[in-house]
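The working numbering applies: residue 25 is where the sequence shown begins, and numbers increase by one.
Don't read these hints as lab results, they were simulated from the structure. Watch out, some of these pointers could steer you wrong.
Pair ranges (Cβ atoms, derived) [what the hints assert, rightly or not]:
(1) E61 with G149: 33 to 39 Å
(2) R290 with P212: 19 to 25 Å
(3) R132 with A50: 53 to 59 Å
(4) Q298 with E188: 18 to 24 Å
(5) L35 with E61: 37 to 43 Å
(6) L60 with G171: 33 to 39 Å
(7) R150 with A220: 17 to 23 Å
(8) A124 with G171: 22 to 28 Å
Quick caveat: nothing in here was measured; it's all calculated off a predicted structure. Heads up, the beta-carbon is just placed ideally off N, CA and C, and yes, glycines get one too.
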Amino acid sequence: GTLTLLLLGLLVTLATARRRAAQRAARARADHQHALEAQRLAAHTERLVVLGRLTAGIGHELGNPLTALLGNLDLLDRALARAAVDANHEATMRRHLGGARDAGQRLRGVAEGLRRFAHPAHTPGRVDPADAIETALRLATARLDPGVDVVRELAAVPPVVANEPELVQVVLNLISNAIDAMPTGHVPRQLTVRCAADQGRVVIEVGDRGTGLPAEVRARLYEPFVTTKPPGLGTGLGLSLCHALITASGGSLRLDDRAGGGTLARIELPAAPQDGTPTVQGEMHASGHRAAIAPIAPGTARG
């Protein structure tokens, strides 16, 4: 009987020791994971600080020559009005001048966005999502070759509270990524743009029939500098900044695989209050900056 009691006591002691060892190992793993997460967050924050300084300089360097460029285009426009040019040639030249001016204005918007990133000032207003989508589609016209089938599903929705130029740039960013995911020769090349209301929120969706997102990219989708584009064709800033901007406007952005192939980008934003008062405040990043949107470089993937 005594031996049995001793054996039982030994077994209980061993079980207790094993349980405590397992608990210590679990705590050590958790501490290690927390340390890794803190290290990752610190590196992320440092990148955003460096990015803020970089974008301030780039925005300034872009702004000065763009002012000169747009001024010279205006001078050309006035000179054309005084020149003796036949009607057909004048119409062609004015069309080219208009395209150059539109491109310059878009670049000016990018430069201003870079400056806003470095010197944040989130000024939301009431925005019609369908108008923002149509503007983005017009800006993407040059990349929408005849081989891309554009499907619009734009329902009547309430306005949202956002910065309109930046919301347009977010949608344009997602459209550009969708086009990049369906290079020439890919079948089918179908771009779907949808807008709908859903329980007090407004949903904007941009879908493609491309190759989808690799699992290793999906896990780090919204981190700065993560891209699947070839070197020199993508900065890895587009989706990171889009996600930050939509979050700052009180919304969400996620990318999912589509049934039948491709990717669906889904933006959700709260509908604007009926009294017309903008209530959304910009959410600050760890670096102290709010988001602005950078241009998408051409390529065959997202980033």
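Hint by hint, here is what the structure shows:
1. The hint said 33 to 39 Å for the Cβ distance between E61 and G149, and at roughly 37 Å that hint holds.
2. Judged by the Cβ atoms, the range 19 to 25 Å given for R290 and P212 holds: they are separated by roughly 21 Å.
3. Distance hint check: the CB atoms of R132 and A50 are about 55 Å apart, consistent with the given range 53 to 59 Å.
4. In this structure the hint that Q298 and E188 lie 18 to 24 Å apart at CB holds, the actual value being about 19 Å.
5. Range check, L35 to E61: about 39 Å between beta-carbon atoms, so the 37 to 43 Å window is met.
6. Between L60 and G171 the CB atoms are about 45 Å apart, so this pair departs from the stated range of 33 to 39 Å.
7. R150 and A220 have their C-beta atoms about 18 Å apart, which keeps the hinted 17 to 23 Å range intact.
8. Distance hint check for A124 and G171: the Cβ-Cβ separation is about 26 Å, which falls inside the suggested range of 22 to 28 Å.
Comparing the model with each earlier hint shows a violation of hint 6 alone; every other hint is respected.
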